[in-house]
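Student: Single-letter residue listing:
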Amino acid sequence: MKIGVLALQGAVAEHIRSIELAGGEGVAVKRTEQLAEIGGLIIPGGESTTIGKLMRKYDFMDAIRAFAAAGKPVFGTCAGLIVLAQRLEGGEEPHLGLMDMTVARNAFGRQRESFETDLDVKGIETPLRAVFIRAPLITQVGDRVDVLSVYKDEIVTARQGNLLASSYHPELTDDYRLHGLFLDMAREAAGA
Amino acid sequence: METGTSRVKRGMAEMQKGGVIMDVMNAEQAKIAEAAGATAVMALERVPSDIRAAGGVARMADPTIVEEVMKVVSIPVMAKARIGHYVEAKVLESLGVDYIDESEVLTPADDVFHISKSDFTVPFVCGAKDLGEALRRIQEGASMLRTKGEPGTGNIVEAVRHMRLITGQIRKVQNLSKDELYHEAKTLGVPYDLLLGVHETGRLPVVNFAAGGVATPSDAALMMHLGSDGVFVGSGIFKSDSPEKFARAIVEATTHYQDYELIARVSKNLGTPMKGIEISKLDNSQRMQDRGI
Numbered sequence: 001m002k003i004g005v006l007a008l009q010g011a012v013a014e015h016i017r018s019i020e021l022a023g024g025e026g027v028a029v030k031r032t033e034q035l036a037e038i039g040g041l042i043i044p045g046g047e048s049t050t051i052g053k054l055m056r057k058y059d060f061m062d063a064i065r066a067f068a069a070a071g072k073p074v075f076g077t078c079a080g081l082i083v084l085a086q087r088l089e090g091g092e093e094p095h096l097g098l099m100d101m102t103v104a105r106n107a108f109g110r111q112r113e114s115f116e117t118d119l120d121v122k123g124i125e126t127p128l129r130a131v132f133i134r135a136p137l138i139t140q141v142g143d144r145v146d147v148l149s150v151y152k153d154e155i156v157t158a159r160q161g162n163l164l165a166s167s168y169h170p171e172l173t174d175d176y177r178l179h180g181l182f183l184d185m186a187r188e189a190a191g192a
Numbered sequence: 001m002e003t004g005t006s007r008v009k010r011g012m013a014e015m016q017k018g019g020v021i022m023d024v025m026n027a028e029q030a031k032i033a034e035a036a037g038a039t040a041v042m043a044l045e046r047v048p049s050d051i052r053a054a055g056g057v058a059r060m061a062d063p064t065i066v067e068e069v070m071k072v073v074s075i076p077v078m079a080k081a082r083i084g085h086y087v088e089a090k091v092l093e094s095l096g097v098d099y100i101d102e103s104e105v106l107t108p109a110d111d112v113f114h115i116s117k118s119d120f121t122v123p124f125v126c127g128a129k130d131l132g133e134a135l136r137r138i139q140e141g142a143s144m145l146r147t148k149g150e151p152g153t154g155n156i157v158e159a160v161r162h163m164r165l166i167t168g169q170i171r172k173v174q175n176l177s178k179d180e181l182y183h184e185a186k187t188l189g190v191p192y193d194l195l196l197g198v199h200e201t202g203r204l205p206v207v208n209f210a211a212g213g214v215a216t217p218s219d220a221a222l223m224m225h226l227g228s229d230g231v232f233v234g235s236g237i238f239k240s241d242s243p244e245k246f247a248r249a250i251v252e253a254t255t256h257y258q259d260y261e262l263i264a265r266v267s268k269n270l271g272t273p274m275k276g277i278e279i280s281k282l283d284n285s286q287r288m289q290d291r292g293i
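Those sequence lines, one after another, are chains R and V. FYI, the UniProt record's numbering numbers position 6 of the first sequence as 6, with every residue one higher than the one before it. FYI, the UniProt record's numbering numbers position 52 of the second sequence as 52, with every residue one higher than the one before it.
Simulated from the structure, these hints should not be mistaken for laboratory data. The structure presented is a predicted model; accordingly, all values stated were derived computationally and were not measured. Beta carbons are placed, not taken as given, at the ideal position from N, Cα and C, and that holds for glycine. Check each hint, because a few of them may be wrong.
[Claimed, not checked] Derived SDA-like pairs: lysine to any residue, alpha-carbon spacing no greater than 25 Å straight-line:
# : chain 1 : residue 1 : chain 2 : residue 2
1 : V       : K71       : R       : D100
2 : R       : K57       : R       : F108
3 : R       : K152      : R       : D100
4 : V       : K31       : R       : R105
5 : R       : K152      : V       : M1
[To be verified] Residues of chain R clear of chain V, computed beta-carbon distances all greater than 12 Å:
#  : residue
6  : Q9
7  : G10
8  : V27
9  : K30
10 : E47
11 : S48
12 : L54
13 : M61
14 : K72
15 : R87
16 : T126
17 : D146
18 : K152
19 : L172
20 : G191
[Stated by the list, open to error] Among the chain R residues that face chain V by a calculated CB cut under 7 Å, a handful are:
#  : residue
21 : L8
22 : A11
23 : G45
24 : G46
25 : R65
26 : R110
27 : Q111
28 : R112
29 : V131
30 : Q140
My request is simple: use the sequences and hints to build the entire structure.
Tutor: The structure is reproduced here in structure tokens:
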């Protein structure tokens, strides 16, 4: 199963590595035409303002919306989660606006407040090591959204059908189980 | 729950990859940089070319400038401390800056020792012009590296020299045998286990950006072509004719560094870049890259 990682800015190589550890094939996606060749798309961590700007510039907005509407899975981590959200706190303009959730950016504070911790995630048997870097939080979700994990009562992993989002960076550890879960979503969508 | 771990500090730099970090001197410039797509800003009192022109001792910026910049942007804010100036770094950490650059652009406070960076929760970026400097800075606790280049010159040749030297040295280390590796560690003046890591992985354990002399979109793309993970632009933006245009064009050229038609397009009608200095015209005492080895 070929999974694309949106390569406009951010931690692209790490996601490709995790996808390959989980048994998939990872490719960097720089152009909209490449979406036709992949079974799932990861929007990586990075700076959401930069990624959002470049997505608009290179026509990724409608292309990714069409990709998701066709049932293909999309996974956003950290900045990627922000990009997926329908609502951003502070009145910022949303980007893809695909997931029925409200997101607060930099919700834990500045870099000195960044941390790592063990996290229980629904569908993954033992806790996952989660690295939170200037991480966002999901402050509210709609009915269609399944909450997969909470940290100190705040939502940090969520799924809405073929869309998956995490506040933290599963790609910065050797634990590729969340990528495995995403690969399963992609295989299911492809009918394999 | 643990803060300030090496994964958290190095990971923050990973999130900057493929991005452009811009020097800014006030809130207005910070907003221009963020709007142009910068992944972070470096808050300074003066950009390197002005530091050169002014002479005298260059120190950490006034905290007012740093706080003013932190207030107006949502992207990470970095700030510079003098080499070896533990207290300037602690002051910046207390302000809540997201990354500290222990920088040769400022006048060194200690001509022997660098800051012991592993003592901090906030991550550090340091300059390096060869593999020895790179691994020594990592041993001291740097979570991100950048080439030194020759700051404030608008001349890319030194950054190119440093990036080529580091990647060449990494290739050489990859091909050494175990016994040769010991000798190489001694020659480079670096810890054996860090060198062994380079030998085994063929890369540095932290992100390495280009810095020092980037003045045009093509300069940024050249550094990416040579293997940089991203680009710092110092004087190149706000010393150019049209900072907004230069900033946007450099961001696009960094993302699509192999798309030459795109680089040609974004390079059109940019106006005059910063003037620049021929390196051989610099007196030895004016070479910032020789500070902090």
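Student: Does each hint hold? Answer for all of them.
Tutor: Taking the hints in turn, this is what the structure says about them:
1. V:K71 x R:D100: violated, 29 Å
2. R:K57 x R:F108: violated, 30 Å
3. R:K152 x R:D100: OK: K152 (chain R) and D100 (chain R) at ~21 Å, within 25 Å.
4. V:K31 x R:R105: Given pair K31 (chain V), R105 (chain R) holds - Cα atoms ~17 Å apart, limit 25 Å.
5. R:K152 x V:M1: Roughly 11 Å between the alpha carbons, so the hint for K152 (chain R) and M1 (chain V) holds.
6. Q9: Per Cβ check, Q9 (chain R) is inside 12 Å of chain V; nearest 4 Å; violated.
7. G10: Violated, since 6 Å does not exceed 12 Å.
8. V27: holds, 15 Å
9. K30: violated, 7 Å
10. E47: E47 (chain R) not clear of chain V: closest Cβ-Cβ about 4 Å, inside 12 Å.
11. S48: violated, 9 Å
12. L54: violated, 6 Å
13. M61: Non-interface label on M61 (chain R) holds, nearest chain V Cβ at 15 Å vs cutoff 12 Å.
14. K72: holds, 23 Å
15. R87: holds, 16 Å
16. T126: holds, 18 Å
17. D146: Fine: 25 Å to the nearest Cβ keeps D146 (chain R) off the interface.
18. K152: Not fine: 9 Å to the nearest Cβ puts K152 (chain R) too close to chain V.
19. L172: Non-interface label fails for L172 (chain R): nearest chain V Cβ at 5 Å, not farther than 12 Å.
20. G191: Consistent with the label, G191 (chain R) stays out of reach of chain V, its closest Cβ about 34 Å off (over 12 Å).
21. L8: Where the cut-off is 7 Å and the nearest Cβ of chain V is about 6 Å from L8 (chain R), the hint holds.
22. A11: Cβ of A11 (chain R) sits 4 Å from chain V, so the hint holds.
23. G45: holds, 5 Å
24. G46: holds, 5 Å
25. R65: Check failed: Cβ of R65 (chain R) comes no nearer than 21 Å to chain V, outside 7 Å.
26. R110: R110 (chain R) check passes; min Cβ-Cβ to chain V is 5 Å, inside 7 Å.
27. Q111: holds, 4 Å
28. R112: holds, 5 Å
29. V131: Holds: closest Cβ of chain V sits about 5 Å from V131 (chain R), inside 7 Å.
30. Q140: violated, 20 Å
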